[in-house]
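Peer 1: Sequence:
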Amino acid sequence: MNQKTLKNVTVAEAYLHLLADRGVDYFFANAGTDFAPLIEAFAKGEVEGTRLPKPITAPHENVAVSMALGHALVSGKPQAVMVHVNVGTANALCGLLNAQRVRAPMLFTSGRTPILEEGLPGHRSSFIHWPQEMYDQGGMVREAVKWDYELRNSVQIETVLDRALSIANNAPSGPVYLTLPREVLAETLESFTYTPGGGMQRCSAPSAASAGSIQQAVEMLQKAENPLIITSTSGRTAGGVAALSRLALEHAIPVISFNPRYMEIASAHPMNMGQNINAWLPEADVVLVLDTIVPWIPSETRPNAAAKIIHIGEDPLYTEVPIRSFRCDLAIAADLETALVQIADGLATSPSNDPELVDRRRAALAQRRRKLDETRLAAWQKAQLSKEITPLHISRTIDKVKGDDGLIFRESGIRIDHMSFGKPGTYFFSGAAGGLGWSLGAALGAKLAAPDRTVISTVGDGSYMFGTPLAAHYVAAEQKLPVVFIVFNNGGWHAVRRATRGMYSDGHSAEASRFGREPLTDFSVDIGFEKIVESVGGHGERVEHPDDLQKAMDRAMDITRTEGRQVLLNVVCTTS
Numbered sequence: 001m002n003q004k005t006l007k008n009v010t011v012a013e014a015y016l017h018l019l020a021d022r023g024v025d026y027f028f029a030n031a032g033t034d035f036a037p038l039i040e041a042f043a044k045g046e047v048e049g050t051r052l053p054k055p056i057t058a059p060h061e062n063v064a065v066s067m068a069l070g071h072a073l074v075s076g077k078p079q080a081v082m083v084h085v086n087v088g089t090a091n092a093l094c095g096l097l098n099a100q101r102v103r104a105p106m107l108f109t110s111g112r113t114p115i116l117e118e119g120l121p122g123h124r125s126s127f128i129h130w131p132q133e134m135y136d137q138g139g140m141v142r143e144a145v146k147w148d149y150e151l152r153n154s155v156q157i158e159t160v161l162d163r164a165l166s167i168a169n170n171a172p173s174g175p176v177y178l179t180l181p182r183e184v185l186a187e188t189l190e191s192f193t194y195t196p197g198g199g200m201q202r203c204s205a206p207s208a209a210s211a212g213s214i215q216q217a218v219e220m221l222q223k224a225e226n227p228l229i230i231t232s233t234s235g236r237t238a239g240g241v242a243a244l245s246r247l248a249l250e251h252a253i254p255v256i257s258f259n260p261r262y263m264e265i266a267s268a269h270p271m272n273m274g275q276n277i278n279a280w281l282p283e284a285d286v287v288l289v290l291d292t293i294v295p296w297i298p299s300e301t302r303p304n305a306a307a308k309i310i311h312i313g314e315d316p317l318y319t320e321v322p323i324r325s326f327r328c329d330l331a332i333a334a335d336l337e338t339a340l341v342q343i344a345d346g347l348a349t350s351p352s353n354d355p356e357l358v359d360r361r362r363a364a365l366a367q368r369r370r371k372l373d374e375t376r377l378a379a380w381q382k383a384q385l386s387k388e389i390t391p392l393h394i395s396r397t398i399d400k401v402k403g404d405d406g407l408i409f410r411e412s413g414i415r416i417d418h419m420s421f422g423k424p425g426t427y428f429f430s431g432a433a434g435g436l437g438w439s440l441g442a443a444l445g446a447k448l449a450a451p452d453r454t455v456i457s458t459v460g461d462g463s464y465m466f467g468t469p470l471a472a473h474y475v476a477a478e479q480k481l482p483v484v485f486i487v488f489n490n491g492g493w494h495a496v497r498r499a500t501r502g503m504y505s506d507g508h509s510a511e512a513s514r515f516g517r518e519p520l521t522d523f524s525v526d527i528g529f530e531k532i533v534e535s536v537g538g539h540g541e542r543v544e545h546p547d548d549l550q551k552a553m554d555r556a557m558d559i560t561r562t563e564g565r566q567v568l569l570n571v572v573c574t575t576s
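For the sequence shown, full-length UniProt numbering begins at 1 and goes up steadily by one.
Everything hinted at is true.
Under the rule of at most 30 angstroms between Cα atoms (straight-line distance), these lysine-lysine pairs were calculated in the BS3-like manner:
| id | residue 1 | residue 2 |
| --- | --- | --- |
| 1 | LYS531 | LYS387 |
| 2 | LYS146 | LYS54 |
| 3 | LYS531 | LYS400 |
FYI, nobody ran anything at the bench for these hints, they're computed from the structure.
Remember, it's a predicted structure, so these values are computed and weren't measured experimentally.
Put together the whole structure using the sequences plus the hints.
Peer 2: Structure, rendered in structure tokens:
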């Protein structure tokens with residue numbers, strides 16, 4: 001077996017060599033006193049020209065984790081994040097929850113307060129090393145990660161790192177947590193031998209569904225008059241999009257992308273019926289739920305009593321969610337892409353097919369799709385009469401400039417039903433745990449993964465503030481990442497406002513909103529968000545009138561492409 005030996009290195013150096021060898025390109029970090037051996041190792045590597053992950057300074061932990069999230073969404077590869085002991089871990093938890101729910105692979109690490117009070121290199125040497133120690137630092141994040149461990153001995157380096165990366169990548173993928181004590185990192189090794197490109201544990205291959213479960217699904221779908229597909233994550237891979245597109249087209253099954261995390265199915269696909277689950281679910285007689293944590297809202301709509309419900313996914317019952325009682329007549333635990341191909345093949349070769357039934361359904365669905373397109377056009381024509389900028393204005397303007405392979409990160413009121421997406425991996429809605437502030441950092445991580453592609457982050461004014469914007473813009477400036485940030489400035493947290501209105505439609509809060517400010521929801525200070533990006537050398541503009549929006553967007557694209565600078569548009573808009 002081919003092996004490589006490093007002479008006279010610290011554990012920190014060996015660790016960084018291994019990260020690079022295992023394909024980790026970036027080390028997103030918010031440093032503290034626990035980082036000293038790693039900082040020394042990076043500095044030595046730079047002097048000696050050693051290939052190590054590129055260190056990226058993130059002035060806030062949320063940005064660091066979100067950058068790793070964005071990179072993984074585009075590249076599919078886990079990157080390394082490191083934060084400062086327990087306090088940095090606490091600051092990063094919001095981003096970790098998002099990464100877990102969206103199943104993004106990530107090597108999340110932190111230092112650990114030195115174990116020893118004296119006696120070895122790296123021992124406690126600062127006042128803060130005592131109050132920062134916890135009995136169970138990993139306990140803070142254990143519910144948000146797949147695995148957690150502490151590197152306890154230099155002998156373990158390769159074993160522990162390979163296990164961490166294997167678990168992060170193994171389906172269902174997600175973040176793992178590794179703590180790194182300073183004494184261990186500071187230890188000097190006379191020699192360190194490892195297997196290049198090794199990996200002591202391999203990920204399991206994508207699993208196919210059992211023949212019996214596929215046959216049950218095929219029989220249910222064949223008999224269906226009004227089948228329906230509900231999806232929110234099948235767009236995680238290009239193969240998933242292709243498999244879904246084929247199944248829907250060949251067998252005339254409408255697709256509802258309910259709170260989609262990705263581009264699930266092309267906008268122009270004849271079976272793409274948008275996102276309004278309430279208009280389709282009650283009439284469906286067989287419902288195929290594709291790896292969707294919330295396929296419908298029970299208080300708003302539900303399947304009819306006679307309908308058959310099939311759930312497919314790596315964990316179709318979402319066992320990490322304590323309470324989730326959506327009906328399920330058949331649960332198929334399998335790789336989604338593989339299972340969809342199996343079902344499509346089963347339907348195509350079954351002797352019980354009814355082509356006339358499929359043709360009738362196809363004709364009826366074509367008519368409903370035409371009506372859907374007409375409704376969208378009417379909504380746009382109405383919006384054009386407004387003297388204020390609406391989310392439709394912004395969405396359609398972005399659509400004109402993004403290009404076919406532009407990357408759109410949504411943390412705003414953007415209307416994807418008024419945009420055109422045709423290429424997998426071009427749309428991301430990844431605040432899957434509701435942890436706001438992810439899209440700024442995610443867009444930066446995506447730009448690192450795909451430097452030649454247009455990257456646009458759309459974010460509400462409230463979410464923008466959650467995203468620690470100065471920290472995010474600093475990283476964009478330092479790393480020269482020309483991302484376009486578009487702030488939907490609607491003067492408050494619209495999601496909170498909408499939730500309150502849903503519970504108290506005629507209450508005091510609704511009255512307050514009509515005649516003044518709604519408590520804890522509206523922003524009374526008019527913030528010049530465009531000034532924040534200017535403070536680090538970026539270009540910022542405030543846009544208030546519909547007639548000015550397209551020109552501002554064109555300038556933004558031109559500046560990112562010709563000057564290589566980040567741009568922020570502070571777009572004052574309505575909530576709907």
